[in-house]
Amino acid sequence: MASPSVAVVGLNHWFGSGANQRQVLVNVGLQIQPGEVVLLTGPSGCGKTTLLTLIGALRQVTAGSVRVLGEELKGSSRAQRQLLRRQIGMIFQGHNLLRCLTAEQNVQMGADLLPNLSYRVRRDQSRDWLRAVGLGDHLGKLPHDLSGGQKQRVAIARALAANPRLLLADEPTAALDSRTGREVVDLLKGLARDQGCAVLMVTHDPRILDVADRLLCMEDGQLTEANGPDAIQ
Amino acid sequence: MSLLWRGRGIPLAWLLLTRQPARLTIALAGIAFAGILMFMQLGFRDGLYDASVTIHKLFDADLVLISPRSVSSIGMAGFPRRRLVQVMADPGVAGTSPVHWNLLLWRNPQTHANRSILTLGFEPTDPLFTDPALRRQSLALSQLGRVLFDEQSRPEFGPIAKWFREGRIVETEVVGKRLRVAGLVSIGASFGADGNMLTSRETYLMLQPNTPAGSIELGLIRLKPDTNPEQVTARLKGMLPNDVRVMNKQEFIEFEKNYWRTSTAIGFIFTFGTAMGFVVGCVIVYQILYSDVSDHLPEYATLMAMGYRLTGLLAVVAREGFLLAILGFLPAWLAGEGLYILVRTGTKLPVYMDAQRLIVVFAMILLMCLGSAAMAMRKLADADPAEIF
Numbered sequence: 056m057a058s059p060s061v062a063v064v065g066l067n068h069w070f071g072s073g074a075n076q077r078q079v080l081v082n083v084g085l086q087i088q089p090g091e092v093v094l095l096t097g098p099s100g101c102g103k104t105t106l107l108t109l110i111g112a113l114r115q116v117t118a119g120s121v122r123v124l125g126e127e128l129k130g131s132s133r134a135q136r137q138l139l140r141r142q143i144g145m146i147f148q149g150h151n152l153l154r155c156l157t158a159e160q161n162v163q164m165g166a167d168l169l170p171n172l173s174y175r176v177r178r179d180q181s182r183d184w185l186r187a188v189g190l191g192d193h194l195g196k197l198p199h200d201l202s203g204g205q206k207q208r209v210a211i212a213r214a215l216a217a218n219p220r221l222l223l224a225d226e227p228t229a230a231l232d233s234r235t236g237r238e239v240v241d242l243l244k245g246l247a248r249d250q251g252c253a254v255l256m257v258t259h260d261p262r263i264l265d266v267a268d269r270l271l272c273m274e275d276g277q278l279t280e281a282n283g284p285d286a287i288q
Numbered sequence: 123m124s125l126l127w128r129g130r131g132i133p134l135a136w137l138l139l140t141r142q143p144a145r146l147t148i149a150l151a152g153i154a155f156a157g158i159l160m161f162m163q164l165g166f167r168d169g170l171y172d173a174s175v176t177i178h179k180l181f182d183a184d185l186v187l188i189s190p191r192s193v194s195s196i197g198m199a200g201f202p203r204r205r206l207v208q209v210m211a212d213p214g215v216a217g218t219s220p221v222h223w224n225l226l227l228w229r230n231p232q233t234h235a236n237r238s239i240l241t242l243g244f245e246p247t248d249p250l251f252t253d254p255a256l257r258r259q260s261l262a263l264s265q266l267g268r269v270l271f272d273e274q275s276r277p278e279f280g281p282i283a284k285w286f287r288e289g290r291i292v293e294t295e296v297v298g299k300r301l302r303v304a305g306l307v308s309i310g311a312s313f314g315a316d317g318n319m320l321t322s323r324e325t326y327l328m329l330q331p332n333t334p335a336g337s338i339e340l341g342l343i344r345l346k347p348d349t350n351p352e353q354v355t356a357r358l359k360g361m362l363p364n365d366v367r368v369m370n371k372q373e374f375i376e377f378e379k380n381y382w383r384t385s386t387a388i389g390f391i392f393t394f395g396t397a398m399g400f401v402v403g404c405v406i407v408y409q410i411l412y413s414d415v416s417d418h419l420p421e422y423a424t425l426m427a428m429g430y431r432l433t434g435l436l437a438v439v440a441r442e443g444f445l446l447a448i449l450g451f452l453p454a455w456l457a458g459e460g461l462y463i464l465v466r467t468g469t470k471l472p473v474y475m476d477a478q479r480l481i482v483v484f485a486m487i488l489l490m491c492l493g494s495a496a497m498a499m500r501k502l503a504d505a506d507p508a509e510i511f
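Heads up: the sequence lines are chains A and B, in that order. Each residue of the first sequence is one higher than the one before, starting from 56 at the first, in the numbering used here. Each residue of the second sequence is one higher than the one before, starting from 123 at the first, in the numbering used here.
Next comes chain A alone, as it looks inside the complex (with noise of 0.2 angstroms):
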C-alpha cells in the first residue's frame, strides 16, 4: 500500500499564551489514503477548523507530528510550507475568490502555480476545469455577477486546476441550498477521485454524509470514529 497522504500522531496544539492558554486539540491521532474522502464533523468551536490549518500548512505544528504528502509539518520553515501547499487544495467556506479577477482568470491562478506550462495551456485548463464544474458559459463573467453556488463552484474548480494531490474543504456546502450542494460534493468526490487525490471535508451538513469513505467525529479537541451516518444524529 502506497503511504498515506496525511498522517497525524499525538498533535496537540493551543491557543494564547500564559494564563490565557488554552487547548484545542487532545492528541489528534488519523490517517487519510490516496483517493479516500474523509468527513470530519462535528460541534462548531471543537478544533475542526485548527486541525484543517495543521494540515493545510497554513500554522505551525507545535507538539505532535504532522506528515502531509511525505513532509514533516513540525519544525518546518516558511518556505517549505508554502512550497508544499501548492500541492494541497483548498475550498473555504467563504468562496474567498478574487474580486477583480473573472471566473476564468481565478481559476487560472490556481493554474498558474503549475510549473512549465504555457500560459495557452493554463488557460486553456483552466476553461476545461470550469466546463467542469458546469459553468462553462460563465467564463468571463465577475464573481460579482455569478450566484453563491456558481462563486463555490468557481472556487472548486480553482482548487483543482492546481492539481493537488489533497483537497481540504471547509463547509463547502454551507452556503449553498441542498440540491446544489448535493451537486458541489458529487462533483468534488467524482473529480477528485479521478485525480487520486485523498479529501479531508470538514462539514455539518448531514445530507451529504453518503459520500464519505470514512467519518470523524470531533469534541473538544478530541477526535474519534464515527461508525456511519447515524453516529452524528
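Calculated from the structure, these hints are not laboratory results. One or more of the hints may lead you astray.
Said to hold, decoys possible - Derived pair list, reagent style SDA-like, types lysine to any residue, alpha-carbon separation capped at 25 angstroms:
| hint | chain 1 | residue 1 | chain 2 | residue 2 |
| --- | --- | --- | --- | --- |
| 1 | A | LYS196 | B | GLY197 |
| 2 | A | LYS129 | B | ALA508 |
| 3 | B | LYS346 | B | ARG357 |
| 4 | A | LYS196 | B | ARG357 |
| 5 | A | LYS129 | B | ASP506 |
| 6 | A | LYS129 | B | LEU432 |
| 7 | A | LYS129 | B | ARG431 |
| 8 | A | LYS196 | A | ARG234 |
| 9 | B | LYS501 | A | GLY71 |
| 10 | A | LYS196 | B | GLY214 |
| 11 | A | LYS129 | B | GLU509 |
| 12 | B | LYS501 | A | GLY149 |
| 13 | B | LYS501 | A | GLN135 |
| 14 | A | LYS196 | B | PRO133 |
| 15 | B | LYS379 | B | GLY197 |
| 16 | A | LYS196 | B | ALA144 |
| 17 | A | LYS196 | B | PRO420 |
| 18 | B | LYS371 | B | GLY217 |
| 19 | A | LYS196 | B | LEU419 |
| 20 | B | LYS299 | B | GLY336 |
| 21 | B | LYS359 | B | PRO133 |
| 22 | B | LYS501 | A | GLN115 |
| 23 | A | LYS129 | B | THR433 |
Said to hold, decoys possible - Where chain B lies over chain A, by a calculated footprint (3+ residues, C-beta under 8 angstroms):
| hint | region |
| --- | --- |
| 24 | 108 to 116 |
| 25 | 160 to 167 |
Claimed, not checked - Away from chain A, derived, C-beta distances all over 10 angstroms, residues of chain B:
| hint | residue |
| --- | --- |
| 26 | GLN142 |
| 27 | ASN230 |
| 28 | LEU425 |
| 29 | ALA427 |
| 30 | ARG431 |
| 31 | ALA496 |
If you're wondering where the values come from, they're calculated on a predicted model, not measured in any experiment. Positions of the beta carbon are idealized from the N, C-alpha and C atoms, including for glycine.
Keeping the supplied structure of chain A fixed, place chain B upon it in accordance with the hints.
For chain B alone, coordinates are given in the frame of chain A:
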C-alpha cells in the same frame, strides 16, 4: 522564482487597478496633481533663471569685463573704460564694445506711472548683438533721444508696441527726459527687469548725466578666430588691475543665474514647493495603495494559502505602484504643457518643457509611487492564511 512573474500570467496588478475605476481615478488625479505642482514649481524656478539671462545670451562676445562690485543684472557697478583700451593691446583680441547698464524709471505714457526698465546704452554702430536684425535696428539709435523698446516688456509700461504699430509717434519720459521710441525689439522680461530698452551711449549719458566720466558697467570682448579664449583670459587677468573681472560669456550667464539661485529666496521657495508636491503625492498614493491592500487582504491571504509566495504578492503591490506612476505621469505632463503656455502668455517668462525636467519629474513620481508601495507592503504582513478558513 515567483510564478507571478515567470512567463505570462494573469496581470493581477493591472486588473486590481482597472477593475476599481473610481479608486484608480482618484489615485491618478492625486498623482497628476502632485506632478503638475512639481512641473509648475520647477518650471517657474528654471524659467526665472533662464529669463534672467535672456539679455546676456544676446551679446556677441567671447569674453566680458565687469566690475568685481557687480552682483547681478539689477546691481551692475561701474569700472573704468580704459580697461577695454588696455585689452585691445592683446594680440588675440579682435574688438571691444563698452556698454552702459542700469535700471531707469520709465513713465507709462498712458497712465503716467513710473516703473523700472533695464536700459542698455552702447555705440549704435558697434556689433553688440549676434542677431543681425538687432544690429540693423540699433542704427536707428544714432539720433539723440531715441530708444528701442522691448515689445515683450510687461504691459505696465504702456501700450507702446500697439501704438507704435499703429504708426503713432510714441514719446514718453525716462528719468524726466523726453524720449521717442524708434523701434521695437523682442527680448523678454525677467524677474529682475519687467522690461528692456536699448539706447545709444549718448542718449544714456543724457539720461544719467551724473555717470562718472569714462565709467561703464560692461565691456564686451570679441576674439580673433583661431585664438584660444582660455589663454587670452589668462593673459588679460595677468595684465589688468583687480578693478575688473574677466570671464567668458558662459561664465557671465552663470554669474547671473547664480545670483538668483544663491542670493535670493526664489530657489529655495520653488524647490520647497516642489518638495511639497512630492510629499502630497506620497500621502495620496500611500493612502490609495494602503486601502487597496487592506481591502484585498483576505484575497492576498487566499493566494498565500494556495502557495503563492509573499514576495510574489509584494511584487504585485510594487507593480501597482509602477503602473500608477506611469498612468499618473501622462496627465501631469499634458497638463504641465498646457499650464506652461498659460504661464508664458501670462508672465512672459520663458517656461518651456525640456527633457531634463520631464525626467526629473517622472523620477520623482516613480520614487513617490514605489516608496508608497513599499510602505503599503508592510500591511501585507498582516495577511495570515491561517485566518481565512
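A quick look at each hint next to the structure:
This hinted pair does not check out: LYS196/A and GLY197/B have alpha carbons roughly 72 angstroms apart, beyond 25 angstroms. Note on LYS129/A and ALA508/B: the hinted pairing holds, with a Cα-Cα distance of about 16 angstroms set against a maximum of 25 angstroms. For a cut-off of 25 angstroms, the pair hint linking LYS346/B to ARG357/B stands: about 15 angstroms separates their Cα positions. Taken as a hint, the LYS196/A and ARG357/B pair is broken in the structure, with Cα atoms around 82 angstroms apart against an allowance of 25 angstroms.
With a C-alpha separation of about 19 angstroms, the suggested pairing of LYS129/A with ASP506/B holds against the 25 angstroms cut-off. Between LYS129/A and LEU432/B the CA atoms are separated by roughly 21 angstroms; this keeps the pair inside 25 angstroms, and the hint holds. For the proposed pair LYS129/A and ARG431/B, the alpha carbon gap of about 20 angstroms is at most 25 angstroms, so the pair holds. The straight-line distance between the Cα atoms of LYS196/A and ARG234/A is roughly 23 angstroms, inside the 25 angstroms bound, and the hint therefore holds.
Among the hinted pairs, LYS501/B with GLY71/A is consistent with the structure: their alpha-carbon atoms are about 23 angstroms apart, no more than 25 angstroms. This hinted pair does not check out: LYS196/A and GLY214/B have alpha carbons roughly 82 angstroms apart, beyond 25 angstroms. For the hint pairing LYS129/A with GLU509/B, the CA-to-CA distance comes to about 19 angstroms; that is within 25 angstroms, so the pair holds. For the hint linking LYS501/B to GLY149/A, the alpha-carbon distance of about 22 angstroms falls within 25 angstroms, and the restraint holds.
Restraint check for LYS501/B and GLN135/A: the C-alpha separation of about 23 angstroms stays at or below 25 angstroms, so the hint holds. A distance of roughly 17 angstroms separates the Cα atoms of LYS196/A and PRO133/B; the hinted pair therefore holds under the 25 angstroms criterion. This hinted pair checks out: LYS379/B and GLY197/B have alpha carbons roughly 13 angstroms apart, not beyond 25 angstroms. Between LYS196/A and ALA144/B, the direct Cα distance comes to roughly 20 angstroms. Compliance with the 25 angstroms bound is thereby established for this hinted pair.
At roughly 20 angstroms between alpha-carbon atoms, LYS196/A and PRO420/B fall within 25 angstroms of each other, so this suggested pair holds. For the given pair, LYS371/B sits about 15 angstroms from GLY217/B by alpha-carbon distance, which is consistent with the 25 angstroms threshold. In summary, the hint linking LYS196/A to LEU419/B is supported, as the alpha carbons are separated by about 22 angstroms, within the 25 angstroms threshold. The hinted pair formed by LYS299/B and GLY336/B meets the criterion: a straight-line CA distance of about 22 angstroms does not exceed 25 angstroms.
Restraint check: the Cα-Cα separation between LYS359/B and PRO133/B comes to about 66 angstroms, which exceeds 25 angstroms; the hinted pair is violated. A threshold of 25 angstroms between alpha carbons decides the hint, and for LYS501/B with GLN115/A the separation of about 21 angstroms falls inside it, so the pair holds. Between LYS129/A and THR433/B, the direct Cα distance comes to roughly 24 angstroms. Compliance with the 25 angstroms bound is thereby established for this hinted pair. Only when three residues or more bring their CB closer than 8 angstroms to a CB of chain B does the claim for the region 108 to 116 of chain A stand; here the count is 4, and the claim holds.
Interface restraint, the region 160 to 167 of chain A with chain B: holds (5 residues with C-beta to C-beta distance below 8 angstroms; minimum three). The non-interface label for GLN142/B is inconsistent with chain A: the shortest C-beta to C-beta separation is roughly 7 angstroms, within 10 angstroms. Look at ASN230/B: its CB is around 63 angstroms from the nearest CB on chain A, clear of 10 angstroms, so calling it non-interface holds up. Distance check for LEU425/B against chain A: the nearest CB is about 7 angstroms away, which does not clear 10 angstroms, and the non-interface claim fails.
Listed as outside the interface, ALA427/B is inconsistent with that label: its C-beta sits roughly 6 angstroms from the nearest C-beta of chain A, within the 10 angstroms cut-off. Its beta-carbon lying about 6 angstroms from the closest one in chain A, ARG431/B breaks the requirement of being farther than 10 angstroms from that chain. At roughly 21 angstroms, the least C-beta separation between ALA496/B and chain A is larger than 10 angstroms, which holds for a residue marked as non-interface.
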